[in-house]
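Asker: Residue numbers (our numbering), protein chains in the order written: chain A, 1 to 636; chain B, 1 to 466.
Please keep in mind that the hints were generated in silico from the structure rather than gathered at the bench.
None of these values were measured; they are calculated from a predicted model.
Misleading hints may appear alongside valid ones.
Listed below are the simulated DSBU-like cross-link pairs for lysine-lysine, each with C-alpha atoms no more than 30 angstroms apart in a straight line [stated by the list, open to error]:
(1) K459/B to K331/A
(2) K342/B to K492/A
(3) K369/B to K473/A
(4) K505/A to K448/B
(5) K202/A to K176/A
(6) K296/A to K459/B
(7) K448/B to K500/A
(8) K505/A to K459/B
(9) K618/A to K448/B
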Amino acid sequence: MERIVQGMGISEVLRSMRQADGYYITNTARDMSQSDYKNRILLHTDLLAAPSREEAGYFSLEITGGASVHVDILRKQVDPFLKLELLREKMPKTMFQTLCRGINLFGYRPYPQNVIRFVVKEFAKYVDVWRVFDFLNHVPNMQAVFEEVQAAGKILEPCICFSTGPEHTNEFYVKKVQEILDVTGDEMLLCIKNHGGLGSPKRIGELVDAILQKYPEMIVHYHGHNTDGNDIGRIVSAAMAGAKIVDASDHAFTGYYGPPPILSVIHTLKEYGRNAVGVNEEAIMETSELLQPERKYYEYFESQIKGFDPTVQIHKLPGGAMGSSLEQAAKGGFLDKMPEILHKELPKVQIELGNYWSVTPGSQILWTTAVSNVQGGDRYGNCSGDLRNLLLGKYGPFPFYQPPDWIYEKAFGPDWKKVLEEQGGMEAIEDIDIEKERKTLADKLGYAPTEQQLVTYLQHPNDAVNFFRFEEKFGKVYVLPPSILFRRGGFKLGETLAFKDHSGKEHIIEMGPMQESEDGSETNVYLNIDHHQRHFVFENAVAQAGEAKAIKLNKKEIEDLAKAGDVRAPFTANICEISVKEGQEVKAGEKLVVLEAMKMQTPVNSEVDGVVAKIVAKVGDAVQPGDELVKVTPVA
Amino acid sequence: MRIIRAVQELGHIAVAIYETPDKDALHIRTADEAIWIGDGPRCDYLNIDKVIGVAKKVGADAIHPGYGFLAENPDFAKACEHNDIIFIGPPSDVIQALGDKVTARRIMLEAGIPMVPGTDNLSAGDAGLREAIDFADKYGYPVMLKATAGGGGRGIRRVENEKQLRTELPMARAEAKSAFNNDAVFLEKAVINPKHVEVQIIADKDGNTVHLGSRDCSIQRRNQKLVEIAPSLIQDKALVDKICATAVTAAKASHYVNAGTVEFLVDRDWKFYFMEINTRVQVEHTVTEMVTGIDIVRTQIKLALGKNLSFCQEDVHIRGFAVEMRINAEDPQNNFMPEGGKTVSVYRSPGGYGVRLDGFVYQGFTIPKVYDSLLVKMTVFGFSWSETVDRLLRCLNNFVITGPKTTIPYYVNLVQDPDFKKGDFDTSFIETHSHLINYEDQVSEGNKLAHLIAEIHYKGENPYAV
Chain A
1 MERIVQGMGI SEVLRSMRQA DGYYITNTAR DMSQSDYKNR ILLHTDLLAA PSREEAGYFS
61 LEITGGASVH VDILRKQVDP FLKLELLREK MPKTMFQTLC RGINLFGYRP YPQNVIRFVV
121 KEFAKYVDVW RVFDFLNHVP NMQAVFEEVQ AAGKILEPCI CFSTGPEHTN EFYVKKVQEI
181 LDVTGDEMLL CIKNHGGLGS PKRIGELVDA ILQKYPEMIV HYHGHNTDGN DIGRIVSAAM
241 AGAKIVDASD HAFTGYYGPP PILSVIHTLK EYGRNAVGVN EEAIMETSEL LQPERKYYEY
301 FESQIKGFDP TVQIHKLPGG AMGSSLEQAA KGGFLDKMPE ILHKELPKVQ IELGNYWSVT
361 PGSQILWTTA VSNVQGGDRY GNCSGDLRNL LLGKYGPFPF YQPPDWIYEK AFGPDWKKVL
421 EEQGGMEAIE DIDIEKERKT LADKLGYAPT EQQLVTYLQH PNDAVNFFRF EEKFGKVYVL
481 PPSILFRRGG FKLGETLAFK DHSGKEHIIE MGPMQESEDG SETNVYLNID HHQRHFVFEN
541 AVAQAGEAKA IKLNKKEIED LAKAGDVRAP FTANICEISV KEGQEVKAGE KLVVLEAMKM
601 QTPVNSEVDG VVAKIVAKVG DAVQPGDELV KVTPVA
Chain B
1 MRIIRAVQEL GHIAVAIYET PDKDALHIRT ADEAIWIGDG PRCDYLNIDK VIGVAKKVGA
61 DAIHPGYGFL AENPDFAKAC EHNDIIFIGP PSDVIQALGD KVTARRIMLE AGIPMVPGTD
121 NLSAGDAGLR EAIDFADKYG YPVMLKATAG GGGRGIRRVE NEKQLRTELP MARAEAKSAF
181 NNDAVFLEKA VINPKHVEVQ IIADKDGNTV HLGSRDCSIQ RRNQKLVEIA PSLIQDKALV
241 DKICATAVTA AKASHYVNAG TVEFLVDRDW KFYFMEINTR VQVEHTVTEM VTGIDIVRTQ
301 IKLALGKNLS FCQEDVHIRG FAVEMRINAE DPQNNFMPEG GKTVSVYRSP GGYGVRLDGF
361 VYQGFTIPKV YDSLLVKMTV FGFSWSETVD RLLRCLNNFV ITGPKTTIPY YVNLVQDPDF
421 KKGDFDTSFI ETHSHLINYE DQVSEGNKLA HLIAEIHYKG ENPYAV
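In isolation and in its complexed conformation, chain B is listed as follows:
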């Protein structure tokens, strides 16, 4: 949807592809053309041949891979290159190098980027287990077990002891194989309760590389981001500047082209470590757009079409604060279980100054069971942090979605939390603020009475009166 908007603004034709479960999705209805590629779920979207075949059939000049499925698959980028279709993203070899976490670590080490201690790809079978145990013994538990080809928080497990390592390793391999079609995994020493700080970078083919400032994505649940903020709320501006400069160095070291994100962990001693580079536009790019005024997707397309950056680092100014909240069809009170399959019976969104919505749903839409539970990204901008927090609460209170349960009531509690208001949080926030889950499932008196009226209507008489 985000991409279609940018494509259409540039005066191009936006062609969407879809699997059957997505047939009623909003982006399918918004695209200039929509091509069905199969019943799915999640297999046709991952089928490079099919996607390329369709692109050729419709005469596509370029493909924007979005932020899921094939977005970070170097084979897909390569296939585009072979078929003379512009891939809107970095070249396939950059994706290849950075997507392989172990190679990426090597590049960054050579460039002098601070790194968390970690292993190379673990060998197959028992040898790999031995390597893992040795590494953990040397650096101490907990350690993070990561899929080499993983990204976006997926394929990461925290391991507390050897026993757990023995059981988790084969599971991690199997999961990596099914999720990323690559069973390579490696270990990193775990940084305890770090802040997750990332930097949006953007580079053109001539190597002009700028950063668009920092983002804080510490508020995560099981490594899945829920709330993202730009810029980082770290008080020490010099530290943030240093992180941003390091990100540019890292991008240059990997010969990066197009938009990407360099992720860092910041520990409690304010030391920061390189984590990975995401070679795609990220869900949370909206907050950066709000505070810089730069349309990242539009810039991506222009760069892919061979243009150079129209601005330099000095042109990038960060103004105010932006927060993105992922409004998911999930029941926070039931372990954030997805609410797929339910129909959005009411959809009433907030508006007004400083509010941006990137949504995928509409009233009457039935949420597919087979995809991500994200319904709409609500991005709120404010000149100061407190203004932004006030606006967040107002917008959440004015956001009505009925049908599926959503993360909205949870966020209503979250934005009123004193630590959140202070900007004091790290990746343990959700865990240490478990009380935020306590909210009443509020059904208004009018809705309750209407429920009875509906039942009287359905039964043809009041079943409770006879």
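Chain A with its partners taken away, still in its complex shape:
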């Protein structure tokens, strides 16, 4: 049987798949990286695996999208476009697949239409299969992406996000499929996106069957997660019911919350008389043999809690958010409260907020709300800006029912009805002037940016600029293996590191001694770079032992200070925007600062009319509760 190769159009793919006796496999390497390694699997490792993955004969390799585009520049310092170019060189036949959050692209909140179209156009040059979803299954939120993907001649794969509960019936989902078909036409693949790995194998089989009963020609792609350890059951059930594509990944790196191992899927389905089309099992084995030795370098990024989590059926967190949520819990010191948050509060919040699909960015809203409800004591007492936007319907309509009135009252006060009336509903986000942004970026960089740089900048302005500057300073660091980039505890004296740089030039670096300056203010690190001695100087952090410990303010005190114009951070967050200037007049209720915590943004508004006397915080600062943000001198 013939494998599907890059360059085939949607009609040809549909024809081949409909004729094929068997099913196809997508290697969801990106989802594995995101779910089980906090998105840290490096391009270096993917390049290592590229030749054998190319031979393995997958329908597609999911290698970009989701949170990875952001993490590529933020934590791995690799250009998401360069990554695709380099992989393409080694993988000419395999289709590359992305996961796109519709109107939220690869981020956490809606983008203007012209930005969405521009970004999709640029990525479509490299990405063949576009899996597109919306966390409210609100089809209009995906329309712009649908159109651009189809216009670019790429393969569109709209999703129905799947969850469980009384509202999540076959009838509902079949109706959703029709809504999608009404927009896309039938030249597409349909994905059942089971991002939490929810439901039993039986339930998934029934859903696939229900869809195929109604649309017998439909090519269904089942996407699942192995959080409860039972995804192979669901995959088998989906394939037996007629799903033509299933997701899994390389066993050398499979963990808990991501995809299950490809070979297990193949071997199991073989017993059931279903064959994987075009795959080369030896190449799949070889991939894992190559990857196995690399896994140890990623250990630090693996989940804080080891083992499968069957309770996902209760808390429904998506596999892609499990690792990061547990990491936040560990860093925030509330890992011990996880049973309460995951098994009691989160399910309660799910139901209260409309039992929608717990996937980005909706899953972050559910999670931060549940954490805040448990940590703050007062349920819904401290609604994030994003929760407020959700309640106002800014992301789209609630699919089944509206949250109860008391939550609105908590969020918007006694006049909540008026607020909802005045501000409720989706509003078109105004297009931005892309040429103006191009100029702004050029000014920041000191040179004309490429289209790709502009695309990255439009999605993540601050992080993109930081990344471009990082590259100027440190070069193209994707050439470094995880054994160097993720080394913990430093290198050994005399250790030799060898690698090729982006242009293919070999370098040998020998580690020399590390010495503090006489006054202890600096540390010199000595290296032999290509047999030439060099040293780098690092300023030592000033010891803070003598410093008085900051006085901790409680919530009441923070609120009282705010009423006097002394605006403090109400919770642990990063500053993502300063909305005012010193000397500016502000009215009560006017936005001063926007905080970001756990990807969710919350505005801090002035409690008083007055003049901004002093801005203490800077964009990018990490603040603790009670830290000074802005001082407003109230007008009498």
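Please arrange chain B on chain A, whose structure you already have, making use of the hints.
Answerer: Showing chain B alone in chain A's frame:
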């Protein structure tokens, strides 16, 4: 360092003196003995009593004053004479006469040497200002305000108008006082964009005086020489010969003994003017040594020890071209700010045919903040001018100094400049070729990646990945 080498070659013992900031300097490590004379900076080296005292203590027969600090101080030469220590240089009265620019002008005028119009020492206070204004009114601006006791390009200011003259004069006096311990200043009419041509002369006690050919030192920045060439690239050989002959006349007129340099300005009409005689060996003497084959410092020592010149004018032949580039620890892109205080982490020098290095640094050396920023003099010889320029570029490209920023990348641009290649330059060259400052501060990809590795090592984890 240069001197230590000559002293040691002659089979003598070389004793160096040093101030604390120079304790790790290469010449201190090379000398047979090194004597600490104080914490400095720049005060112990200028302390005649201390230097003489140390010389007597170690039983020194002679002192070579080098080319800075006390080298042109007649009091120092006199002190040597009084203490029966041979001063390797001209007699103190010659230094005295020539060091006083106004006296020197008088001697040269009497000998019929062409001179730029100038004043005597300006009187103190307002009277001096009046004299200066009168002179400038008569000959026209711009004028050069010079310290009478100055030398080596120091203590010279170009003044464009009366207003500037009024403000600069007191400053020039104060500067002269602190730099040369003599606040006398005088004025000369400025020659616009001249070539700086100088002649190495050498004379023995019996008055045998020869010249070792010309040098062009026009490539200067704020009167500080950066690049020196031997011989001058002036096409008119008769003019160059005439300048050299004039230099010998000037040396004889001043009863010169030992090695010295007669400096001239050549204007755009190919007229030349006497500027001054430097009564010491100059930094750029190396280029003359390369094209004549004569070891000037060795000759100096022999003359000081009472020997006569072992060669006459006819024995001196100029062959090929030599260029000296002063590789300074300076950031050309930051107004040539000195990079003192930084450590030379890599020092890899060029070699091969036609390359001479007179260096003061080594890998691991921290450049003192308190002295000159000169790291190494790179002198390159070639049979033709174009060969010399080709070799210069090769050597600069092979010269690696990391730690401080240096003038190397600037010179890389300079030696590729068409005007430089043609030999067409005057003292305005640096100013009129300001684009030479545009070069990328090149950090190789390997160094960039190593920087990140160093940071991962220092922090114990990759701070950009967590």
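Asker: Against each hint, give a clear statement of whether it holds in the structure.
Answerer: How the hints compare with the structure:
1. For the given pair, K459/B sits about 19 angstroms from K331/A by alpha-carbon distance, which is consistent with the 30 angstroms threshold.
2. For the hint linking K342/B to K492/A, the alpha-carbon distance of about 27 angstroms falls within 30 angstroms, and the restraint holds.
3. In summary, the hint linking K369/B to K473/A is supported, as the alpha carbons are separated by about 28 angstroms, within the 30 angstroms threshold.
4. For the suggested pair K505/A and K448/B, the alpha carbons sit about 13 angstroms apart, so the restraint of at most 30 angstroms is met.
5. Under the criterion of a C-alpha separation no larger than 30 angstroms, the hint pairing K202/A with K176/A is consistent with the structure, at around 21 angstroms.
6. Distance restraint check for K296/A and K459/B: the Cα-Cα separation of roughly 20 angstroms lies within the 30 angstroms cut-off, and the hinted pair is therefore satisfied.
7. Between K448/B and K500/A, the direct Cα distance comes to roughly 13 angstroms. Compliance with the 30 angstroms bound is thereby established for this hinted pair.
8. With a CA separation close to 27 angstroms, the supplied pair K505/A and K459/B stays within the 30 angstroms bound.
9. For the hint pairing K618/A with K448/B, the CA-to-CA distance comes to about 28 angstroms; that is within 30 angstroms, so the pair holds.
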